[in-house]
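J.: Given the coordinates of chain A, work out where chain B should sit on it, guided by the hints.
Protein chains: 2
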Amino acid sequence: MPETLSPDSVGIVIPQSLHFADPLLLECGKTLAQYDIAYETYGKLNAARNNAVLICHALSGDQHAAGYYSMDDKKPGWWDSAIGPGKAIDTSRFFVVSLNNLGGCKGSSGPNTKKPDSDKYWGPDFPIVTVRDWVNSQHRLMQRLELDSWCAVIGGSLGGMQVMQWAIEYPEQIKHALVIAAAPKLSAQNIAFNEVARQAIQSDPDFHDGHYLEQHSIPRRGLMLARMLGHITYLSDNAMREKFGRELREGKLSFGFDVDFQVESYLRYQGRSFVERFDANTYLLMTKALDYFDPAREYNDNLVTALERASARFFVVSFTSDWRFSPERSREIVKALLAARKQVSYVEIEAEHGHDAFLVPIPHYMNVFSSYMKSVADTL
Amino acid sequence: MPETLSPDSVGIVIPQSLHFADPLLLECGKTLAQYDIAYETYGKLNAARNNAVLICHALSGDQHAAGYYSMDDKKPGWWDSAIGPGKAIDTSRFFVVSLNNLGGCKGSSGPNTKKPDSDKYWGPDFPIVTVRDWVNSQHRLMQRLELDSWCAVIGGSLGGMQVMQWAIEYPEQIKHALVIAAAPKLSAQNIAFNEVARQAIQSDPDFHDGHYLEQHSIPRRGLMLARMLGHITYLSDNAMREKFGRELREGKLSFGFDVDFQVESYLRYQGRSFVERFDANTYLLMTKALDYFDPAREYNDNLVTALERASARFFVVSFTSDWRFSPERSREIVKALLAARKQVSYVEIEAEHGHDAFLVPIPHYMNVFSSYMKSVADTL
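So the sequences go chain by chain: A and B. Mapping the first sequence onto the numbering used here, position 323 (from 1) lands on 323, and the numbers just tick up by one. Mapping the second sequence onto the numbering used here, position 125 (from 1) lands on 125, and the numbers just tick up by one.
Hints listed in this document are in silico derivations from the structure and should not be mistaken for laboratory results. As the structure is a computational prediction, the values presented were derived from the model and not from experiment. There's no promise every hint is true.
Repeated chains share a single entry, so a pair holds when one copy, or any two copies, can fit it.
To be verified - As a list, the in silico DSSO-like pairs of lysine-lysine whose alpha-carbon atoms are at most 30 angstroms apart:
| hint | residue 1 | residue 2 |
| --- | --- | --- |
| 1 | K115 | K252 |
| 2 | K30 | K252 |
| 3 | K175 | K114 |
| 4 | K74 | K342 |
| 5 | K252 | K74 |
| 6 | K335 | K106 |
| 7 | K75 | K342 |
| 8 | K335 | K252 |
| 9 | K175 | K243 |
| 10 | K75 | K335 |
| 11 | K335 | K243 |
| 12 | K44 | K374 |
| 13 | K106 | K44 |
| 14 | K374 | K335 |
Extracted from the complex, chain A is given alone in its bound form (with noise of 0.2 angstroms):
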């Protein structure tokens, strides 16, 4: 909870949300008639309209990237550390837009919102949503706000896939593409770790075959077990033998089914605190979306050609302890940048974080972060 709003936060921020009434079509071959985007600025926009930058969240964020709703939150967006004045992405210099995207559950139209026309939630029924769909809507974003292009498109994981797309899709449109923490497509140990979460979810007898909401239910255990092995992912075994060890809750062993070590207790808290705010369908459409995301496929398999597309500058981050998506899988993205004759800048950032690492201030990733989006605003 701020008692006072620090110098460096972009203070209270103030939801939004548009309605598209023009029909979408998605890959999948279906068609949204209509839908709604909940989003959140943060900065000015400039004179020349040319300062915004866009942020593309990744699998359970949202557009509540930086500041606070209230005074009495407890906890800020999802990615303050790195949106403010003076930081990284410095609102006193760039107009920055954030958005929950398609098939979400904060505010945009998704398995959790009502059907055009009808008391249903969508539920199940929400069409299964590709980055390429979220790049596209994103693009309508744009253009309701009356912006020509973005000077930047920034994200992490599966958000980082987005930005990817955006540099391949509208290549005009956007400036400077920020990859963090990406891969160019998922390895089969990804996928893996997603039907896992996504059997749990669907084999939860709250499932209802998605239809929990109309039933009343939620699907909570098959949530919670797909959070806590997500969590698993996200960090580095160094970063739980630094957090937890093996360090017994109760300072002895329980010789039962309880909580014997923290790490335990910390999964289990993580599992369950995330039923509350997350919604299972949505998280069945993130997994989907970040399985399908393979932007060399209709490219004959070829990431550079892919590429070849794109006339945004890059810059690359990875991080040496995440494993799930390593500082290997960012290679392959730079070497293809390379081989395609972009330029691209790429920075491997020591931390002991894993994955998760994109989200914490380290100093030096904020330092080659700051610096680069200073070169940015500087052309401006």
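T.: Same frame as chain A, now just chain B:
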């Protein structure tokens, strides 16, 4: 199904069982008043009775380590690749004993057996057993088989932990300790994976607090999830890539939640088939035995001091792509053994198979394993 038995197979084996009427005090403080141990033997005990080898099984293993129960069997025992005439554990030279550990589900006393003098299943009332409890029960089995000692105790993964405990607890009765793909104790990440597996089982409504057998139900979904998750940790990312890549089962994306990728299909199959052959309460017990294993605990957290008690020669093997118990963890064991001035041979096998490599007849692995065991046999 073996149409004819290969000359390097132990052939048709007959499962055996022994009843133990002497109460066994467990680490948890409870006592098993009486219990059964299911076991198998391969090869012949020599006249000097000094060629006996004990095989310790891992999480989902059992007494059936080699050979077939009948000519209709589709698969041999779980370590048939290493046990047989002329194989690494050469049954023409060794008398091999393999058992189902207490708490198991293949004939030894465990949750799926009845309590003594009762019609009730043990179920969740079966006490938490530890690696040391197992070693103590294996020691009693040794005595009942009228053996003075083992010329070698051998195990992979959780089996390797039993080997270490044997060397510490009964230094005079184990001449060679073969510790394969193990760790001196679980990491926080290892514990975290086990905890998610346990939560999957325990949160399944069909678990009925462990009393599912009496309810004529099985926590299928939970056990399936636990196994799917286990499988991810048994395979390396590379092994998964080699095995499945991102191959689509139907050649195209489904844009639904059916199986898209081969790896999903594989995991679901592994999960489903495991449910048919394994007991959920046993799975819980095995994961707790793993979590609790830490032989250094009562030696002031000093593994060197713990291992100073040992007099066996050690043979430690790890596999490069094993990320469950990485080579680094095996090197911790080796370093402690060297610091304790023990004789130790260490081999790090180049292998793509992940943790599962210890069950795979990789030529280099089988060569060094065979050589070591030949040297053991030659001293008899």
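J.: Hints first: check each against the structure and report whether it holds.
T.: Now the hints, each set against the structure:
no.	hint	in the structure
1	K115 / K252	between (53 angstroms within a copy, 28 angstroms between copies)
2	K30 / K252	between (56 angstroms within a copy, 16 angstroms between copies)
3	K175 / K114	neither (36 angstroms within a copy, 70 angstroms between copies)
4	K74 / K342	neither (42 angstroms within a copy, 55 angstroms between copies)
5	K252 / K74	neither (33 angstroms within a copy, 45 angstroms between copies)
6	K335 / K106	neither (36 angstroms within a copy, 52 angstroms between copies)
7	K75 / K342	neither (39 angstroms within a copy, 54 angstroms between copies)
8	K335 / K252	between (50 angstroms within a copy, 27 angstroms between copies)
9	K175 / K243	neither (39 angstroms within a copy, 39 angstroms between copies)
10	K75 / K335	neither (38 angstroms within a copy, 45 angstroms between copies)
11	K335 / K243	between (34 angstroms within a copy, 25 angstroms between copies)
12	K44 / K374	within (16 angstroms within a copy, 77 angstroms between copies)
13	K106 / K44	within (24 angstroms within a copy, 69 angstroms between copies)
14	K374 / K335	within (25 angstroms within a copy, 49 angstroms between copies)
Hint compliance for this structure: hints 3, 4, 5, 6, 7, 9, 10 are broken, all remaining hints hold.
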